[in-house]
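2 protein chains.
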Amino acid sequence: MTIKQDKLEIMRHSTAHLLAAAVQSLFPNTKLGIGPVIENGFYYDFDLPKAITEADLPKIEEKMRKLQKQDLNFSKSELSLSEATKLMKSKKQDYKVELIEQIKKTGDTALADEEKDITTSPKTPIDKVSFYQTGDFIDLCRGPHINKTSEIGPFKLLSVAGAYWRGNEKNKMLTRIYGTVFATQSDLEKYLQMLEEAKKRDHRVLGKQLGLFVFADLVGKGLPLLTAKGATIRRELERFIVDEEIRRGYLHVITPPLAKVDLYRTSGHYPYYKNTMYPPMKVDEEELILRPMTCPHHFMLYKSQLRSYRDLPIRFAELASQFRYEKSGELTGLMRVRMFCLADSHIFATTQQAPQVINEVLDLIEYVNTVLHLKKGEDYRYRLSLGKREDSSKYYKDDAAWDRAEDILRQVLIKREAPFYEAADEAAFYGPKIDIQVKNVLGKEETAFTVQYDFVMPKRFDLKYIDEAGKEQEPIVIHRSSIGAFERTMAFLIEKYSGAFPVWLSPVQIVVIPITSDNNSFAEQINRTLLDSGLRSEVDNKTGTMQGKIREAQLQKIPYMLIVGRREEEAKKVAVRTREGQDLGAMKIEDFIQQIKQTIESKALI
Amino acid sequence: MTIKQDKLEIMRHSTAHLLAAAVQSLFPNTKLGIGPVIENGFYYDFDLPKAITEADLPKIEEKMRKLQKQDLNFSKSELSLSEATKLMKSKKQDYKVELIEQIKKTGDTALADEEKDITTSPKTPIDKVSFYQTGDFIDLCRGPHINKTSEIGPFKLLSVAGAYWRGNEKNKMLTRIYGTVFATQSDLEKYLQMLEEAKKRDHRVLGKQLGLFVFADLVGKGLPLLTAKGATIRRELERFIVDEEIRRGYLHVITPPLAKVDLYRTSGHYPYYKNTMYPPMKVDEEELILRPMTCPHHFMLYKSQLRSYRDLPIRFAELASQFRYEKSGELTGLMRVRMFCLADSHIFATTQQAPQVINEVLDLIEYVNTVLHLKKGEDYRYRLSLGKREDSSKYYKDDAAWDRAEDILRQVLIKREAPFYEAADEAAFYGPKIDIQVKNVLGKEETAFTVQYDFVMPKRFDLKYIDEAGKEQEPIVIHRSSIGAFERTMAFLIEKYSGAFPVWLSPVQIVVIPITSDNNSFAEQINRTLLDSGLRSEVDNKTGTMQGKIREAQLQKIPYMLIVGRREEEAKKVAVRTREGQDLGAMKIEDFIQQIKQTIESKALI
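Chains as they are written, first to last, in this note's numbering: chain A, 2 to 607; chain B, 2 to 607.
No incorrect hints appear here.
Pairs involving identical chains hold if they fit within one copy or between any two copies, as the list cannot separate such chains.
Below, a list of computed lysine-lysine pairs in the DSS-like style, where the Cα atoms sit at most 30 Å apart:
hint: 1; residue 1: Lys201; residue 2: Lys304
hint: 2; residue 1: Lys8; residue 2: Lys67
hint: 3; residue 1: Lys93; residue 2: Lys70
hint: 4; residue 1: Lys465; residue 2: Lys550
hint: 5; residue 1: Lys543; residue 2: Lys472
hint: 6; residue 1: Lys465; residue 2: Lys222
hint: 7; residue 1: Lys472; residue 2: Lys398
hint: 8; residue 1: Lys209; residue 2: Lys445
hint: 9; residue 1: Lys550; residue 2: Lys472
hint: 10; residue 1: Lys283; residue 2: Lys328
hint: 11; residue 1: Lys230; residue 2: Lys589
hint: 12; residue 1: Lys440; residue 2: Lys209
hint: 13; residue 1: Lys328; residue 2: Lys275
hint: 14; residue 1: Lys222; residue 2: Lys304
To be clear, the hints were calculated from the coordinates, so they are not data collected in a lab.
Let the hints inform the model, and build the full structure from the sequences given.
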């Protein structure tokens, strides 16, 4: 067994068996799929004789507890492949029979319990497979397991979902039951609380509540439509990053989001990326394709004129629309979409300039993260992703270039004392990269975007510059984003801020609330003043109580409520409340405007 | 003869015959295509026995003059269709034979001399066609013509181009010779001068000189790449229009530039627009297509929630990418492209609100035109484009709705005393429209964009709002642009300003020129101050004379040059020159910044 599994993971896997045992006991004739451990829990896929919903989960949990109390052993046995097949056939476990077939073919037992290959053992032919028995329940399984069911900690079944057998849409849809288990009750409760919080912050839920984006059947899957409110957040982010990048010497360009397939043949992306690209379109004699990345377009711009060492580094940047095919089952709100807009850039530099260029890129990223209230080392860190040199099918063969590039990235990170760790076999095919690893609301680390060192594309595209001696030289290219794809960044920010955006990003910054309809016209006047000052303001002059309107504004997470009644009208003032319920008292409208403008300027939360 | 032709047009058509006569005499065995009158001149298409270039034009002109001096008559004769075919076959005029075939089939003699159908006569079978003879030269022609060649005024052959027979790429490429003729020498000279000026202002020429955009073979035809300079102009225009529209109550949204083909089946655009759309892309079970217009996307947003009469008018606006197939022969720089970004909007309103909404739209358009230095009635006017009711294949059948809509548009134009004229048979299929007709550098009027009244799409998409009585009602939709497609607008502005953009649009607003290299560091310092003030500034610290640098800045049409030498450095001032060569004297940098910021704010030329 070469798989490293910690105690909690082993217990989780055993709990998946307990779940399967309970399901099989409650629903005889259930066919078993697979039941692996995942981050923070486990799942098991079943082909059930009848449909179930989340309402059935307590009943299943109860059965699991009954079985657990019997303190059953997890006992291992080994069978030859043919015996194993016979056993599973006798139990009508078709999926397990299929898995044994696969093990026979590939010699890889990892396939038996997980979709992903997590073994590193050589794929040599094997003749035996192991089973684990718990009471009446027996399952094809590599293990390891705990000794007996009493060792299972406090557990909870979480949800039910559909999942295609082996993740393939052509196969049957099975029923997946998710659950989790922890060593202690308090660990479990802490996790469930975090789940609850995450559910409330789910950008799909908040996106609907706050009216930020919608989907339409007639438009297509994974293609969100941003409402005016959602588009306001996007526009503020776009202008912020464009202005900041221009200030830092970037040349913002605009190139078309499609090109001839030949462009991607030259780059080498096609046919390797073919399956994640949209199909080509024949237009006259040209074969066009929506772009999955911007680099070749920027290379065309670079090549459109002669470049001298004096011009380097050249930093092309773009708000670049890109199109990638994602499986429909993997599409998730704004987080996983089929079209996105990346704050993209390609920096052309000499090898000598590389450290300085990468430092400048990291400076920009850290500045952007600070503006978005992300703390370095706490909310995010870096991953230095290295190539696996020996795998020349995955990584361009040039050991010296890899050495040089990896060393440059590592030295930059060390010298600036950046929090980072190294990861093997995670590089791009054209060079190593620094990934920006950001924690999401569940505390899970995700790659937000990357800074890539590329020593291959310049060769493929024959990029050149003229050096001091008048000779042609090859630049290196740094591919990077500064704020990621706007769709994903928006999804992340919605969840991070739980919809209560900093004032500069708030779609509506102020709502003016008249206490009675007598104050409507004064409220309108105040609103006009705010709009004329370039603020995003609304009046709530619908019928209804002031309290109701305040509640509504708080639900909509509008930073400021300006309450105006007879008293305010006479004093020519507004009573200011924040969405957090803080009462800032009455003030002159000019004073409020001055104050909120400072908050916007500083990009503070409120 | 129902075609209205003025005297100049008749003379131009006769000159085309003179050209054909000269060509046939110089190049025996030439096969004749067609030779129609066009705006400001004429052309004739030839299938020549040998290739010619513009260098051959003087020789042809000379021959034309010789023939003209013979004072030949234009004498008309009529032949039956079969006699006509026999005559043309005897002269091996294959194209003319084909035209006679076509006349036989369609009964339409207009096809004989022009590509477009300009006749309004009923297409009844005809048995005779007319020929015009001038000396040895005889041509199938409807006429009319002048009496004799001496009546032809001063003429000039202008250029040679390739043109497919009958505009179809599958046919043979013929040689097209363009020419013009005027009543007087001074008219001709004025026109040639204007042509010369237009050539200098050609946005393709200036775009290259000023480094605004490029094309790349590997990207594809009609797909420009904007450099940082071009993208700066685009960004300024975009931000200007977005901010202005938001100020006027528009809701700026962002929707994807593609959708399921079904969306365009619902709108009725597909299959009618099929030939000008890109081919569909199959993604899983969905058939996606790049959008040729934005309306259906905005309808999906409208339908994403219940709408009340209180919410109307709702004004969705978007910087909308659109994709339309244009024949490769028709692609022209930024003017005719295969992908463009339209400042688009769809306004949902009650019929009662329509006049007010259209007035607001025209207010916005007139404001934008004023900012772009276009004078109403002089540089642009309106065209009220009406439907031809009886043609129900082209126009939606609903006479009452057409009456109402046309009347609303007409009354709005009359009441605001807008300069406009009416045009029959120019409406959209879903309703009448107001076209914004702008004069280009050649003085030719072009439709820049439109304001359309739509009473059909709301039905097709089942758009509704709830009225005061709680009942469902159907809104009308106004489709409109405010500044057109950015590509075309940029092309137009490059030509209008001859590259010397107003300061707010200038890609580089200031160049700092050190008199000697001793002043380089002071120049850098000045430049930094300008950049930090948000201005677009550069230093020209290359080797070279100050005079050379000033010349270069003028060629690049950079509005301001700040010259700094020892004297300026000591006085801590800058010597300011404009691109027009004006010397504004020495001033403190703060004073210059204040001055230029006012110019930018006011969007003045300089």
